[in-house]
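Take the sequences, apply the hints, and build the full model.
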Amino acid sequence: RFDGLIKDIYETLQGIFNIWLPNSGYEMDERYGLDIYRQMDRENSQVIMDLCIPVK
Numbered sequence: 028r029f030d031g032l033i034k035d036i037y038e039t040l041q042g043i044f045n046i047w048l049p050n051s052g053y054e055m056d057e058r059y060g061l062d063i064y065r066q067m068d069r070e071n072s073q074v075i076m077d078l079c080i081p082v083k
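In short: position in the sequence shown from 1, add 27, done, that's the working numbering.
FYI, nobody ran anything at the bench for these hints, they're computed from the structure. It cannot be assumed that every hint is accurate.
Claimed, not checked - With a Cα cut of at most 16 Å, we get these calculated EDC-like pairs of lysine to aspartate or glutamate:
no.	residue 1	residue 2
1	Lys34	Glu57
2	Lys34	Asp68
3	Lys83	Glu57
4	Lys83	Glu54
5	Lys34	Asp56
Right, dumping it as structure tokens:
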């Protein structure tokens, strides 16, 4: 789950794919990923979303 500024989503994804995933024991699966937007506050550039990454 990501809860923060919209501008920080890219940095979070970089951390997932470049740090967490290589050290997790998992590997990417060929299925599509999914982003589920739970709440978005465009006025304050805040978002709460689930980043669903297919792993095996």
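Going down the list of hints, with the structure as the test:
Between Lys34 and Glu57, the direct Cα distance comes to roughly 27 Å. Violation of the 16 Å bound is thereby established for this hinted pair. A C-alpha spacing of about 13 Å is found between Lys34 and Asp68, which places the hinted pair at or below 16 Å, so the restraint holds. Proximity of Lys83 to Glu57 is assessed by CA-CA distance (about 9 Å); at most 16 Å being required, the pair is judged to hold. Between Lys83 and Glu54 the alpha-carbon distance is near 6 Å, which keeps this suggested pair within the 16 Å criterion.
For the suggested pair Lys34 and Asp56, the alpha carbons sit about 27 Å apart, so the restraint of at most 16 Å is broken.
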